[in-house]
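J.: Residues per chain are reported as follows:
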Amino acid sequence: MLRVENAQKDFDGFKAVNGASLSVEKGEIVAVIGPNGAGKTTLFNLITGQLKPNGGTITFLGEDITSMPSHRICKKGIARSFQIANIFHRLSVFRNVQVSVLSQKNRNLNLFLSSDSFFVKETQSILKNAGLADKHQEIAGSLSHGDRRLLEIAIALGNEPRLLILDEPTAGMSPEETATTISLIKRLAETRGLTILFCEHDMDVVFGVSHRIMVMEQGRTLVQGKPDEVKNNLEVQRAYLGTE
Amino acid sequence: MRAIDFQKGRTPIFNSILLAFLILAPAVLPAFYIYIFSVIFVTAILAMSLNLVVGHGGLYQFHHGVFYGIGAYTLALILTKTDLPPWVGFIAGPVCAALAGWLIGLFCVRLSRLYFGMLQISLGSLIWAVTFRWYALTGGDDGIHGIELPGILSGITRSYYVILIVLSVCLIALYRIYKSPFGITLRAIRDNPERCAAVGINVRRHQLLAIVIATFFAGVAGVFFVVVERSVFPDLMFWVLSLEIMIMCLLGGWFTFSGPILGAAIMVSLRTFAGVYTEYWTLILGVILILLIFFLPEGVMGFIALKLKRRELLLEAKKDI
Chain S
1 MLRVENAQKD FDGFKAVNGA SLSVEKGEIV AVIGPNGAGK TTLFNLITGQ
51 LKPNGGTITF LGEDITSMPS HRICKKGIAR SFQIANIFHR LSVFRNVQVS
101 VLSQKNRNLN LFLSSDSFFV KETQSILKNA GLADKHQEIA GSLSHGDRRL
151 LEIAIALGNE PRLLILDEPT AGMSPEETAT TISLIKRLAE TRGLTILFCE
201 HDMDVVFGVS HRIMVMEQGR TLVQGKPDEV KNNLEVQRAY LGTE
Chain F
1 MRAIDFQKGR TPIFNSILLA FLILAPAVLP AFYIYIFSVI FVTAILAMSL
51 NLVVGHGGLY QFHHGVFYGI GAYTLALILT KTDLPPWVGF IAGPVCAALA
101 GWLIGLFCVR LSRLYFGMLQ ISLGSLIWAV TFRWYALTGG DDGIHGIELP
151 GILSGITRSY YVILIVLSVC LIALYRIYKS PFGITLRAIR DNPERCAAVG
201 INVRRHQLLA IVIATFFAGV AGVFFVVVER SVFPDLMFWV LSLEIMIMCL
251 LGGWFTFSGP ILGAAIMVSL RTFAGVYTEY WTLILGVILI LLIFFLPEGV
301 MGFIALKLKR RELLLEAKKD I
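Going line by line, the protein sequences match chains S and F. Heads up: the first sequence is residues 1 to 244, going by my numbering. Heads up: the second sequence is residues 1 to 321, going by my numbering.
Only pairs whose alpha carbons sit at most 30 angstroms apart, straight line, appear in this in silico DSBU-like list of lysine-lysine:
no.: 1; chain 1: F; residue 1: Lys309; chain 2: S; residue 2: Lys121
no.: 2; chain 1: S; residue 1: Lys75; chain 2: F; residue 2: Lys179
no.: 3; chain 1: S; residue 1: Lys135; chain 2: F; residue 2: Lys179
no.: 4; chain 1: F; residue 1: Lys179; chain 2: S; residue 2: Lys76
no.: 5; chain 1: F; residue 1: Lys179; chain 2: S; residue 2: Lys121
no.: 6; chain 1: S; residue 1: Lys128; chain 2: F; residue 2: Lys309
no.: 7; chain 1: S; residue 1: Lys105; chain 2: F; residue 2: Lys179
no.: 8; chain 1: F; residue 1: Lys309; chain 2: S; residue 2: Lys135
Derived list of chain F stretches under chain S, where covered just means 3 residues or more per stretch with a C-beta under 8 angstroms from a C-beta of chain S:
no.: 9; region: 168-179
no.: 10; region: 187-198
If you're looking for bench data, these hints aren't it; they were derived computationally from the structure. Computed from a predicted structure; not experimentally measured. All C-beta atoms, glycine included, are put in the ideal place defined by N, C-alpha and C.
The shape of chain S in the complex, shown without the other chains:
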């Protein structure tokens, strides 16, 4: 479904991503792991068009999406959440998600109808799915950290993605919040057949939910394989990953 080949990105000579390769098949949950600064977030930014790669190719559903602007990549069916909660602070929770539903249905340019008549049901059902239904009136900027992260995912779901990319979905969450988020991810994958690519530091989460794992180190792909293979390999790589 998604294929990244030999992606390169440097920032003023610093090679943040230097030959990363990755493949994600339909219906899979794939995790990217690696030490801080390994280039995981940069790789995601290359895939979703926030950054333009210096080299390599990225194909999605057989189409070359390398260097496409991010709004077009999104329309191809890739949605993402960000590591630092990237929400619309002054809008209500409901509007946050409604914006992405409107975008998905190409209604953003409608000028004269009230937005209260657009996709209320769809938006509510996404909020319910993400466990934010009772907070839909709150201003997004006033949410707790955990809820912001959930809203992040809810916004991405508004795009009805085929591939959902999550950048450290449980970072900074309490154990309970982490458990909720993980069950949400699992439920999405099972009930909607959503393909998910995520990166994460919590190894329990990684080995608990993913079908395949890609290990990055200094911008390169070390290995991509099934959890068992990686785990065995991991013994060798303990130096890179630290003691978990």
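We have chain S; now place chain F onto it with these hints.
T.: The following block gives chain F in isolation, referenced to the frame of chain S:
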């Protein structure tokens, strides 16, 4: 949507009273006040149009006055230099302003934030300079005075009512835009353009459309400036005026819908009444601005909205007990 509902209860009553007062005003108030009200209405349209892009769109529209001026000059030139019927001028004014907005916006939206503002000031100042120097066409720094208006607009009271109607229509239109999917998307872009792109929104296209709409309404304000003052002069396009409009939005409240109207009313009153006593009324403005930034960073209307909301929450809390 409770947060919106509580306002719905009170504002229609307030609005009806205000409207009734404004309709009756010419019968009770001296002509001078009617003239001031007309100026406030026109300025309010102008401030509202700027706030669409600045407060709701988060764009650094630093030189909005130019489009106001283009609207005014277009009408003035059509009325004085051509034999076209006057209504052509009233339509051409806003349309020309919107065209200029589109053209300048086309370049500006490619730049980010402050650079957007700087480029707009440069391009806008260019238009100002041409207007200022082109004596044959625009009358240069003298401007054009004593413009003849069609009969329906002659007389302060008549033009007052026409402008009141125009203001109402503009407000309804802008309110619909504010509440529309486009309005919400625009505010989302203000809050987080990067995220908007990531949910598939073409940020630049939306910003450009917002600029075109805003400059159109600035053109409407410009056209009715001519109705009120019967003259045009290059100061309309000078950057100082653009700054004043910006201050009106700030004063009233960036993030509220009706704040800029209040800001416009405050500024015009201040200029008129404090201006009678001292040439240095801008000093008073400066002090007000400093106080505002420290104590009411959300503007006057933002402050009122916050108070109302708090009271509503308190009432609700009591109900629960």
